[in-house]
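Q: Here's the letter readout for the chains.
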Amino acid sequence: MFTKDVIKDVYKGEIIGKEIIFFESVSSTNDKAIEIGRQRENPEGIIVIADTQTHGRGRLGRIWISPPGVNLYFTALLRPPALQKEASLFSIAAAVSIASAIRECTGLNAMIKWPNDILINGRKAGGILTEMKADKGRTRLLAVGIGLNVNLSPEMLTENIRPLATSLKMENGKSVDRVELLGKILDNMEKTYKILLNGNKRALINKWLGLNCTIGNLVTVRNHNRIISGIADSINDRGELIIRLSSGKVITVSAGDVTILKNNLTVKGA
Amino acid sequence: MEFDEIREIVELLKETDISEFHVEKEGMKLKIKREKFSSPSGTAATAATSAADEVKKPTEEAAEEKKLATITSPIVGIFHRAPSPEAAPFIEVGGSIKKGQVLCIVEAMKLMNEIESDTAGIVSSILIENGQPVEYGEPLFLIEPAT
Chain A
1 MFTKDVIKDV YKGEIIGKEI IFFESVSSTN DKAIEIGRQR ENPEGIIVIA
51 DTQTHGRGRL GRIWISPPGV NLYFTALLRP PALQKEASLF SIAAAVSIAS
101 AIRECTGLNA MIKWPNDILI NGRKAGGILT EMKADKGRTR LLAVGIGLNV
151 NLSPEMLTEN IRPLATSLKM ENGKSVDRVE LLGKILDNME KTYKILLNGN
201 KRALINKWLG LNCTIGNLVT VRNHNRIISG IADSINDRGE LIIRLSSGKV
251 ITVSAGDVTI LKNNLTVKGA
Chain B
271 MEFDEIREIV ELLKETDISE FHVEKEGMKL KIKREKFSSP SGTAATAATS
321 AADEVKKPTE EAAEEKKLAT ITSPIVGIFH RAPSPEAAPF IEVGGSIKKG
371 QVLCIVEAMK LMNEIESDTA GIVSSILIEN GQPVEYGEPL FLIEPAT
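Those protein sequence lines, which keep their order, are chains A and B. This note's numbering puts the first residue of the first sequence at 1, with every later residue one more than the last. This note's numbering puts the first residue of the second sequence at 271, with every later residue one more than the last.
Some hints here could point you the wrong way.
[Said to hold, decoys possible] From the structure, some residues in chain A lie toward chain B, with a derived Cβ separation under 8 Å:
#: 1; residue: Leu60
#: 2; residue: Pro81
#: 3; residue: Asn200
#: 4; residue: Lys201
#: 5; residue: Leu218
[As the list claims (entries may be wrong)] Once the Cα atoms are required to be at most 20 Å apart in a straight line, the calculated DMTMM-like pairs of lysine to aspartate or glutamate come out as:
#: 6; chain 1: A; residue 1: Lys85; chain 2: B; residue 2: Glu405
#: 7; chain 1: A; residue 1: Lys133; chain 2: A; residue 2: Glu41
#: 8; chain 1: A; residue 1: Lys133; chain 2: B; residue 2: Glu408
#: 9; chain 1: A; residue 1: Lys4; chain 2: B; residue 2: Glu386
#: 10; chain 1: B; residue 1: Lys369; chain 2: A; residue 2: Glu35
#: 11; chain 1: A; residue 1: Lys85; chain 2: B; residue 2: Glu384
#: 12; chain 1: A; residue 1: Lys32; chain 2: B; residue 2: Glu405
#: 13; chain 1: A; residue 1: Lys201; chain 2: A; residue 2: Asp237
#: 14; chain 1: A; residue 1: Lys174; chain 2: A; residue 2: Glu104
#: 15; chain 1: A; residue 1: Lys85; chain 2: B; residue 2: Glu362
#: 16; chain 1: A; residue 1: Lys12; chain 2: A; residue 2: Asp177
#: 17; chain 1: B; residue 1: Lys369; chain 2: B; residue 2: Glu386
#: 18; chain 1: A; residue 1: Lys133; chain 2: B; residue 2: Glu384
#: 19; chain 1: A; residue 1: Lys191; chain 2: A; residue 2: Glu180
Hint data in this document are derived by calculation from the structure and do not stem from the laboratory. We treat Cβ as the ideally placed atom computed from N, Cα and C, and that holds for glycine.
Required output: the full structure, derived from the provided sequences and hints.
A: Spelled out as structure tokens, the structure:
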């Protein structure tokens, strides 16, 4: 059973998960978490988790399919001190935490597509949408929203998404214990968060590099009407993607939809 | 380009009929679009506007003397004027805004940073085009503060 009490028993971090708030159903865990966070003096580390979302969403208003009883949908509230300029590294840290947890719990070869999509065998199993409510250069609240397809079946997906998406169960053929996986992800999030709080950006970037499937490949990045194609060279200390064009020119990209073109295998995703 | 220079350009434009202005200087591009202040359509609204014209004039003159507030980007990223490609922009030039109202999103590595106005007033200029990259501290909007 996936209940508040079962989840509370599985993990209690020093920071992450100090309070876990469970709902059967919410519009989106990010919306609910932000609503809760704005009412609290210190929302740092609160986890808002739901069994289903009625309006789960991804980047730029895209829909995240969120059926009940099968997946993980949760948001971590953070208030990192004086790190606003590099706040996006917390989104990178979440990807590292999830990919590592999947590997540890299931043995599946989870990879990260820049910046933070979780792929298994080239298909998207998880996404992270981080929202920051900020005012005049002052971090108020960081909501790191995570959607992970755990025991989702293909028929739960819409036809257009089906070729691009997967779940842990679809990949290894057996159900995964959601509570155990959640506990591992939160444990990893606590560790990566502390790495960043200690100012060790390079250690986090190195962990990301060790789990990524983007660097070294030919990629295209689409953002609004602009499309850039080139070799993904590296990421910098802010997590931005460095792309080398065929002309030799080097471009730094901070946002966009990446498509990896590699050995006839095309990996797409939001 | 300094903020004072941008403000000077905006002030100068107000005295002209120019609706769009571009300038490139020291690696920075500035594009200013001016639109008429939006008002409800229809005859009733038109009548109300003309009736209010005489009363409004002193207020408008006073507003032009006011300092414009600048909203800057707190992070490096991509400037989005709307929450999704299909959605209407958060705000338009000439629109009135409240303190705390969301003006745009600056995105970096899928971190969506909602930029809120720290002042109530009227949007005087939108300094960045939709989808363009912005730097840390780069001016995004000029706001004419409400009295």
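Q: Is it true that the CA of A/Lys191 sits at most 20 Å from the CA of A/Glu180?
A: Status holds; Cα separation ~17 Å.
Q: Quick one, is the A/Asn200 hint okay against chain B at 8 Å, beta carbons?
A: Hint on A/Asn200: violated, closest Cβ of chain B at ~18 Å, above 8 Å.
Q: Closer than 8 Å between Cβ atoms is the bar; does A/Leu218 clear it against chain B? Give me holds or violated.
A: For A/Leu218, the interface hint is violated, since the closest Cβ of chain B sits about 21 Å away, which is over 8 Å.
Q: Given A/Pro81 was flagged as interface, is its beta-carbon under 8 Å from a beta-carbon of chain B?
A: violated (15 Å)
Q: Please verify whether A/Lys133 and B/Glu408 have alpha carbons no more than 20 Å apart.
A: With Cα atoms ~18 Å apart, A/Lys133 and B/Glu408 stay inside 20 Å; holds.
Q: Keeping to a limit of 20 Å between CA atoms, is the pair of B/Lys369 and B/Glu386 held or broken?
A: Holds: B/Lys369 and B/Glu386 sit about 8 Å apart, inside 20 Å.
Q: Regarding the pair A/Lys85 and B/Glu384, is the alpha-carbon distance no greater than 20 Å?
A: Cα-Cα ~14 Å, so holds.
Q: Against chain B, with CB atoms and a cut of 8 Å, does the hint on A/Lys201 hold up?
A: Violated, because the Cβ-Cβ distance from A/Lys201 to chain B comes to roughly 13 Å (cut-off 8 Å).
Q: Hey, A/Lys4 versus B/Glu386, does the alpha-carbon distance stay inside 20 Å?
A: violated (34 Å)
Q: Assess, step by step, whether the Cα of A/Lys174 is no farther than 20 Å from the Cα of A/Glu104, and give holds or violated.
A: With Cα atoms ~15 Å apart, A/Lys174 and A/Glu104 stay inside 20 Å; holds.
Q: Is the interface hint for A/Leu60 satisfied, with its Cβ closer than 8 Å to some Cβ of chain B?
A: At about 5 Å, which falls below the 8 Å cut-off, the nearest Cβ of chain B leaves the hint on A/Leu60 intact, so it holds.
Q: Regarding the pair B/Lys369 and A/Glu35, is the alpha-carbon distance no greater than 20 Å?
A: Holds. B/Lys369 to A/Glu35 sits at ~18 Å (cutoff 20 Å).
When held up to the earlier numbered hints, the structure conflicts with 2, 3, 4, 5, 9, 12, 15 and fits the remainder.
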